[in-house]
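With these hints in hand, go ahead and build the complete structure from the sequences.
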Amino acid sequence: MEYENFIDTMRKKVEDLSETGTKVIIMEVCKNNGVKKKGLMVKTKDCNMAPTVYLEEFYGEYKRGKTLEEIAEAVIGVYRNNDRFQEFHIEDFKDFKQMKSQLVLRAVNYEKNAEMLKNTPYVMFLDLAIVPYISFPVDESNWGSILVKNEHLELWGITGENVMKTAAENTPKLMPPQIRKMEDTIRQLLEAGGREEAKEYENLLEEIEESDNKVPMYVLTNPKNLYGATCMVYDGVIEMFAEEMGEDIYILPSSIHEVILLPVSKALSSAELKAMVQEINMTQIPIEEILSDCVYRFSIHQRGFCII
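Under the numbering used here, the sequence shown has 96 at position 96, and the numbering climbs by one with no breaks.
Keep in mind that a hint or two might mislead.
As the list claims (entries may be wrong) - Derived Cβ-Cβ restraints for the label pairs, each shown as a range:
#1 Gln-302 / Tyr-3: 46 to 56 Å
#2 Lys-165 / Glu-15: 38 to 48 Å
#3 Tyr-54 / Asp-127: 25 to 35 Å
#4 Glu-15 / Leu-174: 35 to 45 Å
#5 Ile-158 / Lys-224: 44 to 54 Å
#6 Gln-302 / Val-123: 13 to 23 Å
What the hints assert, rightly or not - Straight-line Cα separation of at most 25 Å, PhoX-like style, residue types lysine-lysine; simulated pairs:
#7 Lys-112 / Lys-36
#8 Lys-100 / Lys-149
#9 Lys-112 / Lys-149
#10 Lys-165 / Lys-181
Source of the hints: derived by calculation from the structure; they are not laboratory data. Bear in mind the structure is a predicted one, so any value in this text is a computation, not a measurement. Every residue gets a Cβ at the ideal spot worked out from N, C-alpha and C, and that includes glycine.
This is the structure in structure tokens:
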């Protein structure tokens with residue numbers, strides 16, 4: 001069964017197995033970098049908001065032999081377990097006072113998200129756009145998010161500048177920055193069972209260490225390892241790290257979830273670093289998680305960033 005037929009079949013199965021009055025809708029959602037994904041939204045009469053469950057992994061299970069009924073039950077289970085999402089009511093969303101504490105910022109690629117940015121407030125940072133989201137917990141390990149659009153500003157009766165200011169104040173508190181040595185990051189990922197993510201870091205480490213000298217590398221992200229690349233725009237974070245190193249810093253945008261920091265004097269040439277970032281983006285990073293093909297530099301003397 002082709003994927004499109006699988007989605008339609010699952011919509012019918014989930015609706016048939018759900019409580020009376022439940023509507024199951026096929027949703028096409030535009031994700032980061034213009035990536036479009038299809039999934040199912042299950043709406044009950046008691047809740048007019050629901051997360052979209054994407055079906056790529058479920059389709060893989062189907063191809064490996066799971067029955068359609070088993071998968072439909074699993075999809076329904078996702079909704080039943082999302083108690084925290086059910087607490088997120090549309091009436092609360094209409095009230096900015098209820099939402100303002102959940103505003104956060106994310107860094108995305110400006111060019112790859114140009115269409116999306118026509119309808120949302122943002123500020124530029126190098127070749128990136130910094131955009132506001134409403135972030136909320138779905139369960140113990142997953143978070144939901146809603147992009148703040150211009151229509152929401154009208155609903156709330158506030159300006160984009162106001163939203164950006166509030167989000168800029170919230171984000172470092174809700175998602176504080178963490179800088180760890182690359183080796184420590186790999187070890188923590190392996191201990192947590194994140195072998196796939198650890199492998200990406202190991203590949204990067206191997207490429208850089210092909211040079212004659214061992215290059216000290218550091219990972220900047222947040223405790224959740226989600227959209228942690230935004231930490232580089234927090235006031236003073238990169239500046240304090242550069243002062244600790246005593247020199248300029250190269251910043252490799254390895255994904256939307258983290259950036260890699262390298263002291264300039266010990267790194268490869270800027271051309272080699274840029275070629276490496278571009279190759280990793282093409283071969284190892286999902287399209288929706290790519291941040292940039294560029295490499296950045298923070299000048300300790302000029303106290304500023306530039307693209308190299």
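When you take the CB atoms of Glu-15 and Leu-174, is the distance between them in 35 to 45 Å? At roughly 36 Å between Cβ atoms, Leu-174 and Glu-15 fall inside 35 to 45 Å, so the hint holds.
With 46 to 56 Å as the target window, see if Gln-302 and Tyr-3 comply at their CB atoms. Given about 50 Å between the Cβ atoms, the range holds.
Given the hint that Lys-100 pairs with Lys-149, test it: the Cα-Cα distance must not exceed 25 Å. Roughly 14 Å separates the two Cα atoms, so the pair holds.
Measuring from beta carbon to beta carbon, are Tyr-54 and Asp-127 in 25 to 35 Å? The hinted range 25 to 35 Å holds for Tyr-54 and Asp-127, with Cβ atoms some 28 Å apart.
Has the given pair, Lys-165 with Lys-181, been kept, meaning a C-alpha gap of at most 25 Å? Not satisfied, since the Cα-Cα distance of roughly 31 Å exceeds 25 Å.
Can the restraint linking Lys-112 and Lys-149 be considered satisfied, given a maximum Cα separation of 25 Å? Distance of about 17 Å is within 25 Å: holds.
Do Lys-165 and Glu-15 keep their Cβ atoms within the hinted range of 38 to 48 Å? holds, 43 Å
Straight-line alpha-carbon gap Lys-112 to Lys-36, limit 25 Å: holds, 13 Å
Does the Cβ pair Ile-158, Lys-224 satisfy 44 to 54 Å? violated, 27 Å
Check the following: the C-beta atoms of Gln-302 and Val-123 are separated by a distance inside 13 to 23 Å. Cβ of Gln-302 to Cβ of Val-123: about 20 Å, so the range 13 to 23 Å holds.
Of the hints listed earlier, those the structure fails to meet are numbers 5, 10, in rising order.
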